[in-house]
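Given the sequences, and given the hints that come with them, work out the whole structure.
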Amino acid sequence: MLETGRSRRRMDPQRLLIYGVLLIFALYFLLPLVVMLMTSVKTMDEIRMGNLISLPRHPTMEPWIKAWDYATIGVTNEGIKGFFWNSIRMVVPAVLISTLIGAVNGYVLSKWRFKGSDTFFAMLLLGCFIPFQVILLPMARTLGLLGLAESFWGLVFVHTIYGLAFTTLFFRNYYVAVPDELVKAARIDGAGFFRIFMRIMLPISKPIFMVTIIWQTTQIWNDFLFGVCFSTGETQPVTVALNNLVNTSSSVKEYNVDMAGAIIAALPTLFVYFVAGKYFVRGLTAGAVKG
Amino acid sequence: MIRTIHRIIVALAVVGLFAATAVSGEVEVLHWWTSGGEAAAVQELQKMLEKEGHTWKDFAVAGGAGANAMTALKSRVVSGNPPTAAQVKGPQIQEWAELGVLSNIDDVAQAEGWDDLVPKVVADIMKYKGHWVAVPVNVHRINWMWCNPEIFKKAGAQYPRTWDDFFVACEKIKQAGFIPVAFGGQPWQEATVWETIVAGVGGPGFYQSTLVKADEEALASPTMVKAMEIFKKIKPYTDKNAPGRDWNLATAMVIKGEAAMQFMGDWAKGEFTAAGKVPGRDYDALTAPDSNDVFLFNVDSFIMFEVKDPEAQKAQKAMARLIMSPEFQVAFNVSKGSIPVRSGISQEPFDAVAIASMQDFEATALNGGLMPSMAHEMAVSPAIRGAMFDVVTNFYNSDMPAEEAARKLAAAVQEAKM
Amino acid sequence: MKSAERSINRLAVLETALPRIVVAPSFVAMVVFIYGFILWTLYISMTKSSFLPSYDFVGLTNYFKLWRIDRWWVAVRNLLVYGGLFIFGCTLLGLFLAIFLDQKIRIEGALRTIYLYPLALSFVVTGTAWKWILNPGLGIERLVRQWGWSTFTFDWLVTSEMAIYCVVIAAVWQSSGFVMAMFLAGLRGIDDAVIKAAQVDGASLPRIYRKIIIPSLRPVFFSTVIILTHIAIKSFDLVVVLTRGGPGYASDLPATFMYSYAFTRGQLAMGAASAMMMFFMVMAVIVPYLYSELRRKRYA
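Residue numbers (the numbering used here), protein chains in the order written: chain A, 3 to 293; chain L, 2 to 419; chain W, 44 to 343.
I should point out that these hints are in silico values taken from the structure, not numbers from a laboratory. Mixed in with the good hints, there may be bad ones.
[As the list claims (entries may be wrong)] Under the rule of at most 27 Å between Cα atoms (straight-line distance), these lysine-lysine pairs were calculated in the DSSO-like manner:
id, chain 1, residue 1, chain 2, residue 2
1, L, Lys-418, L, Lys-130
2, W, Lys-91, L, Lys-214
3, L, Lys-315, L, Lys-128
4, W, Lys-147, A, Lys-280
5, W, Lys-108, L, Lys-418
6, L, Lys-154, L, Lys-241
7, L, Lys-128, L, Lys-278
8, W, Lys-108, L, Lys-409
9, L, Lys-48, A, Lys-83
10, L, Lys-130, L, Lys-214
11, L, Lys-155, L, Lys-173
12, L, Lys-318, L, Lys-130
13, L, Lys-58, A, Lys-83
14, W, Lys-147, A, Lys-208
15, A, Lys-68, L, Lys-58
16, L, Lys-227, L, Lys-128
17, L, Lys-128, L, Lys-173
18, L, Lys-52, L, Lys-315
19, L, Lys-214, L, Lys-233
20, W, Lys-91, L, Lys-130
21, W, Lys-91, L, Lys-409
22, W, Lys-147, L, Lys-418
23, L, Lys-175, L, Lys-155
24, A, Lys-68, A, Lys-83
25, W, Lys-91, L, Lys-128
26, A, Lys-68, L, Lys-48
27, L, Lys-175, L, Lys-241
28, L, Lys-278, A, Lys-68
29, W, Lys-108, L, Lys-214
30, W, Lys-147, W, Lys-239
31, L, Lys-234, L, Lys-409
32, L, Lys-257, L, Lys-154
What follows is the structure, given as structure tokens:
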């Protein structure tokens, strides 16, 4: 925190400028959400006739109920609720497993380095840069061979694998900031690999767990491509269902229902950010990022 | 005691497993008719299938008029576990058949007499090496022009029947302060208008050699240059917000009285109906200029994959039979706004636009004007179609001269064939 | 004595082996599912695969074909423009916002959440909203005109040359909050003592920022660039929803190009070749950067 030598209470021009700029940007960031919210409570007639930012004249929650409960998606008329639960069931294990593995990997790569471990880390980072479309077909073949095609665990498996690079990155960077002396002292005292992990690393890892969980939840929940290729009817995640709802190819589009559905689909990730947001910054402060 | 209970439980489980698989056939169906009228139509089929004792397992993937569904399908086939039926149309049917993964439904076709009910040009697309491998569901006509009579009256313009008349009318409409053509700037829409022009300017024979046979000489010919010129000439008569606009928003412009005409397939009718408009009074559906004797069709269809389970096979055959049944043809097409693909259906449940379409379908089937739409994946392979799309959309959205466009078209198609 | 020695030895062996054993599954997964698949893609790019994978080798033909395609050149140019602007824009905006937010703002928590939330939304969700906002007939242009400035134009979205910049606007919107959070954390981690010392020495505020603060944020820049490059390459949903690559294919990116060729057009080999080109181009930038940064850390 920089002390500028002035009294912090007075709203001098400098502070006014700072607040002003921050608020303008806040508008830039909020605009799409506002548009979506307003559209989701308008009636179709109002949408057709009115404009984008006009306030709804007769707000209604009907589009929300329809999106959740009885909108037509394929041959089911049950809205997106079933798919919503699919996503939850899929995201929870995928996030937990990839985070845990990342934690252990990060621990090894920072405190138990061996010959080639840095190369491994670099290779892992490099692998982040393939576009996911590339792996669709070979992964489909592999899942078929493993007997996991179209199954719920297949999708969990895919997400876990492709999340490993980032979770490892986050934990490794965090653990690197933990003084090596702590680990060395524990080893001299006779503690083994897992003991040190449980007793020393884990207890101070809460912030980075938060960061990783937030990141992974966002990535996995919002994924569309894997969801569409590696699932079928009942196991489809909410992103696929939302796409089915919104993208009718030759039928009347109900923008209000679409927007409502989109916001509902986004609620879990929004929730995670609103609630755990402060942990996010705290976690990053605590060294996830220092390198 | 506990051992006995254990044994009973295991036995029950085994029986349960059998019971679940042996009762009736299950068809897993991949499609992209996921909401609104389209979904209602699919649900009809599901109900009919279930009435016969089979089950429908839905695998719906929307987006890109099938692009996402095709990706999902390829992924499934590669994983060794294809769905039972999939919504695939046009030359892609032959591509799948070449892989040897489709089962043939000749027995159903023969029993129901499909060869007599469906025009040859359509049936050929459904067949591979003479065998039926796909069942057609409906027919959409592409070369329609939807007009707002109010605007024409106010502008003192006539409904154009030739492309020359068209530009005369456009001028009058523009002078009167309206937008002559409601346009959606997306590659498939651009291609839709373009192929209509090609068919109109060059006639059925030219259309065949360029957009069906993809002959490079024809593609670079002066007739094509002329078609390109007319295509580009439309642009000043559209509004500048056209790029990226969805087709239904363009239709809305005609409905609301902002624009005079839209070139779009018959699914546009649904928008008019939903807005409570009546044909003949609030809007008129005409064939696009110079294309009255041409019927560019888009036929949706389902292919059947090879399955081992005899019950599933029975369900597949039932599905094929039901799709072509008069009952379904009426229910589906009335819902969706298209027309039946088979002859012998009563015209009664259909509206005036559909009836006119059905009559033209039969007439052009006999005189050679019935042709597959390239823009809607009926005529050429996806690679060639993609190449054509790229050139057409780039031409429309840039300053490229028409001669260059025709040349590039031929070159791109040649590359795509390699 | 002997048995204790032996068990200590065993323990020692276990200890050296254990770390490797523990990361082994990840290592195997990486080798198979990342590098193995990349090699598969490389192989496919040198075959005649069209509709589904086939294995007839044709060498580098597809690469030559690729570079003859107009649309590919447009896509590559767009990636450089978009990628550059995106990374630069997010970093600048993120740093800027972080510095401002760091000034003991009262509503910091709320503002932070506002800047961060876009990352939580998938682009399929917000793409439609941005599409409306940027559309001249429906969004900002229309709104400003309604407010009275009747000659205001903002039609980038429908102009071939400018469409890609709209993609940048929406992309920066989505990711700068995350960058801001990273920089904020980095700023808060800087030791106050150093700053106070500089102030005592009479250094001005901008100077302090330039000479002390920003350099010590170097590790943050590293992570930021990695993450942003990753996001830029992956930008697929964004383009599809916002412009569909249009007008024409003016805002196409390699990711959408690849998907279109590989899946929609049944030209898998070409799609694979374009994917490999994407990978190579990224490698050309990232590998030297990774190398220089990771090397630094050895001595840090």
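Hint check results:
Of the supplied pair hints, the one linking L/Lys-418 and L/Lys-130 holds, its CA atoms being roughly 21 Å apart against a limit of 27 Å. Distance hint between W/Lys-91 and L/Lys-214 is fulfilled; the C-alpha atoms sit about 22 Å from each other, no more than 27 Å. With a C-alpha separation of about 20 Å, the suggested pairing of L/Lys-315 with L/Lys-128 holds against the 27 Å cut-off. With a C-alpha separation of about 15 Å, the suggested pair W/Lys-147 and A/Lys-280 falls inside the 27 Å cut-off, and the hint holds.
Between the alpha carbons of W/Lys-108 and L/Lys-418 the distance comes to roughly 12 Å, so the proposed pair stays at or under 27 Å and holds. Of the supplied pair hints, the one linking L/Lys-154 and L/Lys-241 holds, its CA atoms being roughly 24 Å apart against a limit of 27 Å. Restraint check for L/Lys-128 and L/Lys-278: the C-alpha separation of about 39 Å exceeds 27 Å, so the hint is violated. For the hint linking W/Lys-108 to L/Lys-409, the alpha-carbon distance of about 15 Å falls within 27 Å, and the restraint holds.
As the CA atoms of L/Lys-48 and A/Lys-83 are separated by approximately 23 Å, the hinted pair is consistent with the 27 Å bound. With a C-alpha separation of about 18 Å, the suggested pair L/Lys-130 and L/Lys-214 falls inside the 27 Å cut-off, and the hint holds. Pair hint L/Lys-155 plus L/Lys-173 holds up; C-alpha atoms about 10 Å apart against a cutoff of 27 Å. Distance check on the hinted pair: L/Lys-318 and L/Lys-130 sit about 20 Å apart at the alpha-carbon level, within 27 Å; holds.
Restraint check for L/Lys-58 and A/Lys-83: satisfied, since their Cα atoms lie roughly 18 Å apart, inside the 27 Å limit. Taken as a hint, the W/Lys-147 and A/Lys-208 pair is honoured in the structure, with Cα atoms around 25 Å apart against an allowance of 27 Å. Restraint check for A/Lys-68 and L/Lys-58: the C-alpha separation of about 23 Å stays at or below 27 Å, so the hint holds. The straight-line distance between the Cα atoms of L/Lys-227 and L/Lys-128 is roughly 35 Å, outside the 27 Å bound, and the hint therefore fails.
For the suggested pair L/Lys-128 and L/Lys-173, the alpha carbons sit about 48 Å apart, so the restraint of at most 27 Å is broken. The straight-line distance between the Cα atoms of L/Lys-52 and L/Lys-315 is roughly 14 Å, inside the 27 Å bound, and the hint therefore holds. Our distance criterion of 27 Å between C-alpha atoms is met by L/Lys-214 and L/Lys-233, whose separation comes to about 24 Å. The straight-line distance between the Cα atoms of W/Lys-91 and L/Lys-130 is roughly 24 Å, inside the 27 Å bound, and the hint therefore holds.
With a C-alpha separation of about 24 Å, the suggested pairing of W/Lys-91 with L/Lys-409 holds against the 27 Å cut-off. A threshold of 27 Å between alpha carbons decides the hint, and for W/Lys-147 with L/Lys-418 the separation of about 64 Å lies outside it, so the pair is violated. A C-alpha spacing of about 11 Å is found between L/Lys-175 and L/Lys-155, which places the hinted pair at or below 27 Å, so the restraint holds. Between A/Lys-68 and A/Lys-83 the alpha-carbon distance is near 10 Å, which keeps this suggested pair within the 27 Å criterion.
Between W/Lys-91 and L/Lys-128 the CA atoms are separated by roughly 25 Å; this keeps the pair inside 27 Å, and the hint holds. Under the criterion of a C-alpha separation no larger than 27 Å, the hint pairing A/Lys-68 with L/Lys-48 is consistent with the structure, at around 23 Å. A hinted pair counts as satisfied when its Cα atoms are at most 27 Å apart, and L/Lys-175 with L/Lys-241 qualifies at roughly 14 Å. Distance restraint check for L/Lys-278 and A/Lys-68: the Cα-Cα separation of roughly 26 Å lies within the 27 Å cut-off, and the hinted pair is therefore satisfied.
Only pairs whose Cα atoms come within 27 Å are accepted, and W/Lys-108 paired with L/Lys-214 is accepted, the gap being roughly 23 Å. Taking the CA atoms of W/Lys-147 and W/Lys-239, the gap is near 17 Å; set against the 27 Å cutoff, the hint holds. Between L/Lys-234 and L/Lys-409 the CA atoms are separated by roughly 19 Å; this keeps the pair inside 27 Å, and the hint holds. With a CA separation close to 15 Å, the supplied pair L/Lys-257 and L/Lys-154 stays within the 27 Å bound.
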